[in-house]
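> Can you build the whole structure from these sequences, using the hints too?
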Amino acid sequence: VTQGRGDILVFMPGQQEIEATVELLNERTKGFGTKLGELIILPVYSTLPSHEQAKIFEDTPPGARKVVVATNIAETSLTIDGIVFVIDPGFVKQKSFNPRSGMESLVVTQISKAAAQQRSGRAGRTAPGKCFRLYTAWAYKNELPENTVPEIQRTNLGNVVLMLKALGIEDLVHFDFMDPPPPETIMRALEQLYALGALNAQGELTKTGRRMAEFPLDPMMSKMLLGSEQFGVSEEVCTICAMLSIGNQVFYRPKDKAVHADNARINFNRGAQGDHISMMNVYNQWQETGESTQWCFENFIQVRSLKKAKDVRDQLLGLFERTEVELVSNSQDTKAIRKSITSGYFYHTALLQKSGHYRTLKKPQTVYIHPQGALAKTQPPPRLVCYFELVRTSKDYMRTVSEIESDWLIEIAPHLYKAKDLEAVDTRKMPKGQGKSVE
Numbered sequence: 001v002t003q004g005r006g007d008i009l010v011f012m013p014g015q016q017e018i019e020a021t022v023e024l025l026n027e028r029t030k031g032f033g034t035k036l037g038e039l040i041i042l043p044v045y046s047t048l049p050s051h052e053q054a055k056i057f058e059d060t061p062p063g064a065r066k067v068v069v070a071t072n073i074a075e076t077s078l079t080i081d082g083i084v085f086v087i088d089p090g091f092v093k094q095k096s097f098n099p100r101s102g103m104e105s106l107v108v109t110q111i112s113k114a115a116a117q118q119r120s121g122r123a124g125r126t127a128p129g130k131c132f133r134l135y136t137a138w139a140y141k142n143e144l145p146e147n148t149v150p151e152i153q154r155t156n157l158g159n160v161v162l163m164l165k166a167l168g169i170e171d172l173v174h175f176d177f178m179d180p181p182p183p184e185t186i187m188r189a190l191e192q193l194y195a196l197g198a199l200n201a202q203g204e205l206t207k208t209g210r211r212m213a214e215f216p217l218d219p220m221m222s223k224m225l226l227g228s229e230q231f232g233v234s235e236e237v238c239t240i241c242a243m244l245s246i247g248n249q250v251f252y253r254p255k256d257k258a259v260h261a262d263n264a265r266i267n268f269n270r271g272a273q274g275d276h277i278s279m280m281n282v283y284n285q286w287q288e289t290g291e292s293t294q295w296c297f298e299n300f301i302q303v304r305s306l307k308k309a310k311d312v313r314d315q316l317l318g319l320f321e322r323t324e325v326e327l328v329s330n331s332q333d334t335k336a337i338r339k340s341i342t343s344g345y346f347y348h349t350a351l352l353q354k355s356g357h358y359r360t361l362k363k364p365q366t367v368y369i370h371p372q373g374a375l376a377k378t379q380p381p382p383r384l385v386c387y388f389e390l391v392r393t394s395k396d397y398m399r400t401v402s403e404i405e406s407d408w409l410i411e412i413a414p415h416l417y418k419a420k421d422l423e424a425v426d427t428r429k430m431p432k433g434q435g436k437s438v439e
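Residue numbers for the sequence shown follow full-length UniProt numbering, so the first one is 1 and each next one is one higher.
One should not assume that every hint holds.
[Stated by the list, open to error] Below are the DSS-like pairs computed for lysine-lysine, each with C-alpha atoms no more than 27 Å apart in a straight line:
| hint | residue 1 | residue 2 |
| --- | --- | --- |
| 1 | 113 | 141 |
| 2 | 93 | 55 |
| 3 | 93 | 255 |
| 4 | 307 | 95 |
| 5 | 354 | 377 |
| 6 | 113 | 93 |
| 7 | 257 | 307 |
| 8 | 418 | 354 |
| 9 | 354 | 95 |
| 10 | 362 | 310 |
| 11 | 95 | 395 |
| 12 | 30 | 335 |
| 13 | 95 | 362 |
| 14 | 130 | 30 |
| 15 | 377 | 418 |
| 16 | 354 | 308 |
| 17 | 307 | 30 |
None of these hints come from the bench; they were simulated from the model.
Note that this is a predicted model, so its numbers are computed, not measured.
Quick look at the structure:
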């Protein structure tokens, strides 16, 4: 702020760090009075509502200075006019997949030299500029990698492997990838596709696998969609798939209205028996209001995300005909909906332990229901749950969780779950008053 005129762009790893930085800047600048001129401090991250994001493109009033605090979304995805100064702390949040645990985690890591150059290039697009790097020249030269690790080397490859199999590529180990992924990740994907019935024991694509490959979805989600026809709820599960595909971007939680936002979320969770049906309720109610933007605003829901979900849903419905999936609906049968979810996500199940936490049934590890989940405060907690994904933040959390019954696992995946295993688990002594059964 002691430099010449021009707006400032500050890079931060994620939403939490951005909100903390904005709060700190607002507090610190209060003490300067009129000495600095007006500072307009604006956050930018992917889950911020569109009308809030749009503020960064507004012209800066005369005598004022705009400070944009952003994630790496501002590296390449958008250009903000008037940025003269860039402050680069040298860190980024990256998604990382562990094939052993099947867990994805957002890890704060050092940026690459290529990303550092990209960030400095944001300064002075419209006038001469400066980049302040908050790390030493030695660190830049010796510690920063040349390039960012390609995404194919740090994500779940289920969909990639299924697509390659559908294209007739059998030998994946020797396939000429531009950036070869770790062999362990490929083996994990093959193992998962075999369990889902997409591949046979020889590693060849089955009829089910060919149908699954028609959908541009994760294999577990494709299997859930195909399974929903059998349970008579394909329309409802199509809605759930569309909502899952937009990621964790349905609700937003402004700091000054956190209590109201939490209450709005709780209303959708009430009696939903899990996050999947809660998400379906959000979409259906939005449709009932005629896709009202005002309704979204009142319920702290991202209208942009729901529009994206509608586009995905329309695309999936279009693929139903090609894959010969019959469109059937019964939104009242929540048991059939949860059974359909289990038909795709039987690998992602966890059981309540005596200590009150959960333990995954496959590749056992201790996990917890995400605090913002529909079942987070359910008393007594559900005995057996099925989850969409595992994420590592402060703890290993299950995200998007629904309550299921042990009988369903034996019915849907007899090759993985035996009655005696689940009986032994189900009859194990629970904490007092815990381990309720599902209606």
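> Against the structure, test the hints numbered earlier, and report the numbers of the ones violated in rising order.
The structure breaks hints 9, 10, 12, 15, 16, 17; every other hint is satisfied.
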